[in-house]
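Produce the entire structure from the sequences given, and follow the hints as far as they go.
Chains as they are written, first to last, in numbering that gives the first Met the number 0: chain X, 0 to 386; chain Z, 0 to 226.
Source of the hints: derived by calculation from the structure; they are not laboratory data. This structure is a prediction, so every number in the text was calculated from the model and none was measured. The reader is advised that the hints may include incorrect statements.
[As the list claims (entries may be wrong)] Beta-carbon label-pair distances, calculated as ranges: (1) 168/X / 214/Z: 31 to 41 Å; (2) 383/X / 214/Z: 22 to 32 Å; (3) 106/X / 214/Z: 26 to 36 Å; (4) 113/Z / 22/X: 30 to 40 Å; (5) 22/X / 217/Z: 46 to 56 Å; (6) 19/Z / 106/X: 25 to 35 Å; (7) 99/X / 212/Z: 24 to 34 Å; (8) 168/X / 113/Z: 17 to 27 Å; (9) 88/X / 217/Z: 22 to 32 Å; (10) 188/X / 139/Z: 29 to 39 Å.
The beta carbon of each residue, even a glycine, is placed where N, CA and C say it ideally should be.
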Amino acid sequence: MARDTGVPIGAQFTHCYDEFVLDVNLALPAKGVTVLYGQSGSGKTTLLRCLAGLMHAPGGTLSIGGDQWQGDEVFVPTHKRPIGYVFQEPSLFEHLTVEGNLSYAQKRVDLADSSRSVLSSKEVIELLGIENLLQRKPNQLSGGEKQRVAIARALFSQPELLLMDEPLASLDTQRKREILPYLEKLRHELEIPIIYVTHSIDELSRLADWVVVLDKGRVVADGSLADVLTALDSPLQLDDAGVVLETTILAREAQWALMRVGFSGGELLLADNGRAEGETLRVRVDARDVSLTLSQHTDTSILNALPATVIEISACLSQGAVLVKLCLDHQSTAAFDESKVMDEQSKASRGSSGMLLSRITRRSADYLELAVGSQVWAQIKSVAVLR
Amino acid sequence: MDENLAAIWLTLRLAATVTLVLLLVGTPIAWWLARTRVWFKGAIAAIVALPLVLPPTVLGFYLLLTMGPNGPIGALTQSLGIGLLPFTFWGLVIASCFYSLPFVVQPLQNAFEAIGERPFEVAATLRAGPWDRFASVALPLAKPGFITAAILGFAHTVGEFGVVLMIGGNIPGVTRVVSVQLYDHVEALDYGQAHWLSGALLLFSFVVLFSLYTFNRRASSSVGPRV
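Next comes the structure, spelled out in structure tokens:
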């Protein structure tokens, strides 16, 4: 698991809290968004609190960027760790205005020596769109506004590591839609690693570069987004199998209101969403939207069909279905500028971003005589643009 | 009339001193009670609350013994050259502090407990150390509790009688507070003076409680969540 930049985050915790056992040993990238994914009670918040020092699991070790935060004889208290923490509920100080909440963080960083600045105060305020809220008290804000202020406050403390505990979970769908774009911008703007806890496959697909799947306090899958999504034995496959592709807009086909996007496995036609050529799009292709044919069909309404090779077929899933893992045969064309897609954050997923998953019935798999190495055409019925 | 004014002045001085001392002493006690999980927390809480149920004369009796010439505190004050505390202003202050302790500690403790753990965790993640968290989070968020504690401590000290009589006696300008003065007037069948003092105390108590309730309503409506 080679990583591109910086010293990875090493975390090892073994501890019992009442009935619950947390037992993890992780190396996380020092850059990009790591999503801790799992159902409630899987231990993801506990792990995050151990990383923040809000919880002390004796005997654990934690090192970040070469600094030891926890070890045999070391336990750096929370207030001495250069972290930003966003809680599930916004948890603003009710006795302070928005501005007071922000300067609470700022003042205390100025006292400590901060060698580098993540983002300037002005940038943070602009990034989260809270210019007009500064003079308000927390009880005059909506839930979404509060959470944006809480995120801004965490950034004001100039963290070297940003920890976010389901920041959208306490919000309704409308508010989630309001905040997600800010989080995506954040992911793009920040140089620091973000560790993001969620149980939402949608947030995982949109934000993650690296994924750790937890269940009952243990790590059940751990790797780049593409690796975890395409691992057939991954616990994610039960309900939400699919892959996430990093694509670049190559050209528009104006008369059809479509645009052509490229990725390392080929090209796709998507509904034109008005974004400029050269911009990157993250899209998700669900396994249930990919069907397989043995020959190329030209008499079909399906827009996107890509040649592929079967590289793995899962054991029987529920309802007589199987998952087929495909490697797309396409090699990057000259027109397709790979370096643009492969920005720093997605390099980790380079190895498998030419993969697709297809969920078909076992009967179809038998009928088509699918086996590892079979040449097929993957017909993609729909592609969801994540961002 | 001068005697009445002297008694009122003494009472106000006593109540103000006691309130000040109790806010200083009661805050750490309340903070500790609100945050600790040790097994003897219940015992300490019970001791603090004792004056709520104990007849003031019982408290006064024990204080008189401990501060008297043969008591441990009396021995201490004598060896320090302060002399004996009973029947002095400071003796009254100490006795009143015990007597009014729960009225200060309990509102503070409730206020600290109502804050919960989360704001302190937030402050810690924003680089605030333990003392900083107490000053920048606990104190401002517990402000309504401090106001309630100060008002109750002050008012309750003004209204005490039994403890004063046991510890302070009835020395004009030194230990003769309003309630004792009133008792004297009634004993002497001087109902005119008694009416005057009683009316003043009644009015005082009403104003204090009225302002307390008004403040509490305002405080709770301005702090309460609104989404």
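message: Please check whether residue 168/X and residue 214/Z have a Cβ separation lying inside 31 to 41 Å.
response: holds (37 Å)
- request: Kindly confirm whether 25 to 35 Å is satisfied by the beta carbon distance between residue 19/Z and residue 106/X.
  value: Holds: the Cβ-Cβ distance is about 30 Å, inside 25 to 35 Å.
Verdict for residue 113/Z, residue 22/X (Cβ pair) under range 30 to 40 Å: holds (36 Å)
Outcome of range test on Cβ distance (residue 106/X, residue 214/Z; 26 to 36 Å): Cβ of residue 106/X to Cβ of residue 214/Z: about 30 Å, so the range 26 to 36 Å holds.
field: 24 to 34 Å as the expected CB spacing between residue 212/Z and residue 99/X, which holds or is violated
entry: holds (29 Å)
field: Beta-carbon spacing of residue 88/X to residue 217/Z - inside the hinted bounds 22 to 32 Å or not
entry: Taking Cβ atoms as reference, residue 88/X and residue 217/Z lie about 25 Å apart, which means the hint holds.
- prompt: Does the hinted range 46 to 56 Å hold for residue 22/X and residue 217/Z at CB?
  reply: holds (51 Å)
field: Supplied distance hint 17 to 27 Å, evaluated on CB atoms of residue 168/X and residue 113/Z
entry: holds (24 Å)
29 to 39 Å as the expected CB spacing between residue 139/Z and residue 188/X, which holds or is violated: holds (33 Å)
query: Does the Cβ-Cβ separation between residue 383/X and residue 214/Z fall within 22 to 32 Å?
result: This hint is violated: roughly 55 Å between Cβ atoms.
Against the hints set out earlier in the document, a violation occurs for number 2 only.
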